[in-house]
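Start from the sequences, fold in the hints, and give me the full structure.
What follows is the residue order along each chain.
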Amino acid sequence: MAAITMRLPAVRRAVGPAAPRGGEKHLVAPGDTITTDTGYMRGHGTYVEEEKLIASVAGAVERVNKLVCVRALKARYNGEVGDIVVGRITEVQQKRWKVETNSRLDSVLLLSSVNLPGGELRRRSAEDELAMRDYLQEGDLISAEVQSVFSDGAVSLHTRSLKYGKLAQGVLVQVSPSLVKRQKTHFHDLPCGASVILGNNGFIWIHPTLEHKDEEAGGFTTNLEPVPLSDREVISRLRNCIVALVNQKLMLFDTSILYCYEASLPHQIKDILKPEVEEEIVLETRQRLLDLEG
Amino acid sequence: MDCTLCKEDLRVDGRGCEDYRCAEVETDVVSNTSGSARVKLGHTDILVGVKAEMGTPKLEKPDEGYLEFFVDCSANATPEFEGRGGEELGTEIANTLYRVFSSESSVDLKSLCINPREHCWVLYVDVLLLECGGNLFDAISIAVKAALFNTRIPKVRVLEDEEGSKEIELSDDPYDCIRLNVDDVPCIITLSKIGYRHVVDATLQEEACSLASLLISVTSKGALTSMKKMGKGSLDPESIFEMMETGKRVGKSLHIALQKILDEEESLGTSRQKVGFLG
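Chains as they are written, first to last, in UniProt numbering: chain S, 1 to 294; chain F, 1 to 279.
There's no promise every hint is true.
Covered stretches of chain F (chain S as the covering partner; in silico rule of three or more C-beta atoms under 8 Å from a C-beta of chain S) [unchecked claim]:
#: 1; segment: 12-19
#: 2; segment: 23-35
Using 25 Å as the maximum straight-line C-alpha spacing, the simulated PhoX-like pairs for lysine-lysine come out as follows [said to hold, decoys possible]:
#: 3; chain 1: S; residue 1: 184; chain 2: S; residue 2: 166
#: 4; chain 1: F; residue 1: 232; chain 2: F; residue 2: 248
#: 5; chain 1: F; residue 1: 155; chain 2: F; residue 2: 51
#: 6; chain 1: F; residue 1: 260; chain 2: F; residue 2: 274
#: 7; chain 1: S; residue 1: 274; chain 2: F; residue 2: 252
#: 8; chain 1: S; residue 1: 274; chain 2: F; residue 2: 274
#: 9; chain 1: S; residue 1: 181; chain 2: S; residue 2: 249
#: 10; chain 1: F; residue 1: 229; chain 2: F; residue 2: 248
#: 11; chain 1: F; residue 1: 260; chain 2: S; residue 2: 274
The set of hints was computed from the structure by calculation and includes no laboratory data. Since this is a predicted model, take the numbers as computed values, not measurements. Just so you know, even glycine gets a beta-carbon here, dropped at the ideal spot from N, CA and C.
Below, the structure is given as structure tokens:
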């Protein structure tokens, strides 16, 4: 039976002051004056006009000594060494793959910075170069780590660990990079039966948890067996929870996702994204997170 | 995403194959039109304005008014629409709308006639795509129906003096107007074939996975008025029949849901706070 719900749009309510948490953030909109003091230096996201420092993007003001920057709430991904990213291969070139990672420029993954199947370490030969498309081809999704950042901001990736490599079956959710919280680990096996990779670039990969991790494959084989319905239900629920958290602008990390998942359990998966249900679930999550902080 | 995700009646966002996303409908959002509506279906955002202007009837149908469709693909929707990028899609949608409304019964065009062979009302239906999030055609047809429901055409009278010259007189009361009967206005249902199943209301990702889709227009009584195949893939006859049956079934419930919300909005009248664009 087809379920079709239609409603009148709800009037947006003004958001009350956020939960008090040690000092309010200085938020600005484009064109807002940050300071009239000429002693400060102009950083990213600001410009000087009539001896005033003015914001050019919407976001939070950050101060490092005399340098004033505005960190945008919604921006493309700025790579930093050591970040975990999820990306999509867009091109196979000589000795490198081009990867889409939601940054301003395409990222590169060099042939010399991947683990070859079989796990042996050796110099990359011409044969390896010819077989590059067998390892990764256009459209494949990978998880990787940022190895270095070039002067123009482009990012070079590496997958020299068994936890990185090609991604098989799962669901990709694209969110704003500023909503992913930086943590020690971005690979989480959630107790609800699925795993998530929270890419620092805002790409989030949800996949069924693997029972046995294949050591030999080097991360290039993909298991294409059908995923059982129970796993898919968990993945869909997680996906909707993440979308709900993002809609309500809550930071994404393992605890917030798990709390949101638990709060959503009384509802059907497809109902999670209904505005009133979404609000209720996220409110409950927010409350539990605050309780956790104490 | 994979085609296996639509087996077992579970899609990536948890919907079943015949479920629509939550839709928001608001009418009378643009004050300088005769009727307007805005529909949000997931991330798809459509604004439709209907403007009634006086014109001359077409030669082959001297006692009927007519509808004109124009679709504007705003570059706000996707950067691809910038410049002339959206023109092709816009014409395609407009042509589809002409076909959907070509059947005699959809709108009572005779009621748009003022003076046979000389004057009639022309309804200019302007569609503006504000955001594309998949399933454009369905959302547009819902918005067009809602806007036509909202349309109010001023009443005019034709006065004839002794010499036979005619004069058109506009009613003094701005609330004295005619409304269209939208009971038979069809809605478009797009069925996208993914793997072995077909789904309604495909998201952008699902559209990318679908090789072929069937567009059918269905009236509130479940009558099929037009059909069109989209996409480069092929469909076998058996699945076409299956899709038509699904389309009719889904179409009926779509009309019921839409009519319910339109009646609800009308019953609230002016007591309801308008949301519009910034709300």
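Checked hints:
Figure legend: the segment 12-19 of chain F, annotated as covered by chain S; annotation consistent (7 residues with Cβ-Cβ distances under 8 Å, at least 3 required). Given a C-beta distance limit of less than 8 Å, the hint that chain S covers the segment 23-35 of chain F holds, as 4 residues qualify and 3 suffice. Our distance criterion of 25 Å between C-alpha atoms is met by residue 184 of chain S and residue 166 of chain S, whose separation comes to about 22 Å. For a cut-off of 25 Å, the pair hint linking residue 232 of chain F to residue 248 of chain F stands: about 24 Å separates their Cα positions.
Between the alpha carbons of residue 155 of chain F and residue 51 of chain F the distance comes to roughly 15 Å, so the proposed pair stays at or under 25 Å and holds. Restraint check: the Cα-Cα separation between residue 260 of chain F and residue 274 of chain F comes to about 18 Å, which is no more than 25 Å; the hinted pair holds. Proximity of residue 274 of chain S to residue 252 of chain F is assessed by CA-CA distance (about 22 Å); at most 25 Å being required, the pair is judged to hold. Using a Cα cut-off of 25 Å, the hinted pair residue 274 of chain S and residue 274 of chain F holds, with the two alpha carbons roughly 21 Å apart.
For the suggested pair residue 181 of chain S and residue 249 of chain S, the alpha carbons sit about 12 Å apart, so the restraint of at most 25 Å is met. Simply put, residue 229 of chain F and residue 248 of chain F have alpha-carbon atoms about 16 Å apart, close enough for the 25 Å limit, and the pair holds. A threshold of 25 Å between alpha carbons decides the hint, and for residue 260 of chain F with residue 274 of chain S the separation of about 18 Å falls inside it, so the pair holds.
The structure meets every hint from the earlier list without exception.
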